[in-house]
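Line by line, the protein sequences give chains A and B.
For reference, each letter of the first sequence is one residue, going 22 to 132 in my numbering.
For reference, each letter of the second sequence is one residue, going 198 to 309 in my numbering.
Each hint should be verified, as a subset may be incorrect.
Dumping the calculated EDC-like pairs for lysine to aspartate or glutamate here, alpha-carbon to alpha-carbon at most 20 Å [claimed, not checked]:
{"#": "1", "chain 1": "A", "residue 1": "Lys77", "chain 2": "B", "residue 2": "Glu296"}
{"#": "2", "chain 1": "A", "residue 1": "Lys63", "chain 2": "A", "residue 2": "Asp104"}
{"#": "3", "chain 1": "A", "residue 1": "Lys63", "chain 2": "B", "residue 2": "Asp282"}
{"#": "4", "chain 1": "B", "residue 1": "Lys295", "chain 2": "A", "residue 2": "Glu66"}
{"#": "5", "chain 1": "A", "residue 1": "Lys23", "chain 2": "A", "residue 2": "Asp104"}
{"#": "6", "chain 1": "A", "residue 1": "Lys63", "chain 2": "A", "residue 2": "Glu127"}
{"#": "7", "chain 1": "A", "residue 1": "Lys131", "chain 2": "A", "residue 2": "Glu36"}
{"#": "8", "chain 1": "A", "residue 1": "Lys91", "chain 2": "A", "residue 2": "Asp104"}
{"#": "9", "chain 1": "B", "residue 1": "Lys295", "chain 2": "B", "residue 2": "Glu250"}
Which bits of chain A does chain B cover? Going by a derived footprint, with three or more residues having C-beta under 8 Å, they are [said to hold, decoys possible]:
{"#": "10", "region": "63 to 70"}
{"#": "11", "region": "122 to 129"}
Source of the hints: derived by calculation from the structure; they are not laboratory data.
Cβ coordinates follow ideal geometry from the N, Cα and C atoms, glycine included.
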Amino acid sequence: QKEVEQDPGPLSVPEGAIVSLNCTYSNSAFQYFMWYRQYSRKGPELLMYTYSSGNKEDGRFTAQVDKSSKYISLFIRDSQPSDSATYLCAMVYNQGGKLIFGQGTELSVKP
Amino acid sequence: ETGVTQSPTHLIKTRGQQVTLRCSSQSGHNTVSWYQQALGQGPQFIFQYYREEENGRGNFPPRFSGLQFPNYSSELNVNALELDDSALYLCASSFGIKETQYFGPGTRLLVL
């Protein structure tokens with residue numbers, strides 16, 4: 022079993038839709054949670070960074086962490102065609118060092 | 198402020214050859230981590246360097262080796278290339294081991 026599970030999609034939505042992206046994890050030692058966006062043939066770009074259970078909002082993006090369920094989510098409101106990319110969840114243990122990534126979910130927002 | 202840069206952008210090698218990939222960290226960052234991303238997969242941690250010392254290694258064989266220089270730039274060396282080494286190699290820098298990692302654009306390696 023992988024430490025971090027993420028549905029690879031692909032996920033296709035119409036412009037303006039609310040998008041929900043999710044990851045589950047098995048190790049309760051993960052303390053920090055991130056969402057990266059990766060455009061085709063580019064490096065990952067950090068979108069959100071959280072370390073506690075609850076919600077964190079940044080513009081159209083909301084990151085949600087539920088440590089009791091070992092479940093994290095990223096919500097995108099009013100999705101735009103420019104949001105079309107692969108979204109990677111990532112986690113790190115408290116002592117830092119390596120990021121453990123999910124497989125990535127490929128999102129396509131159609132005009 | 199300059200972000201993380203990597204060179205070359207693309208590379209084609211044949212099986213058994215050796216390759217060196219380079220990474221310049223973001224200004225002020227002293228930690229560099231390397232990841233391998235196979236097609237359709239998330240990045241896999243190779244190793245991390247902090248102030249020129251290796252600080253953690255993932256599940257990669259010894260033919261994957263690295264180096265960090267006094268200016269905190271870094272190299273990833275892969276010997277005896279195998280077909281499965283074909284991937285996007287990503288470098289990420291951070292200001293410390295526990296700090297947020299910022300990724301470069303990657304080097305796409307194809308092994309024939």
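Those earlier numbered hints the structure runs against, lowest number first: Failing hints, ascending: 5 and 8.
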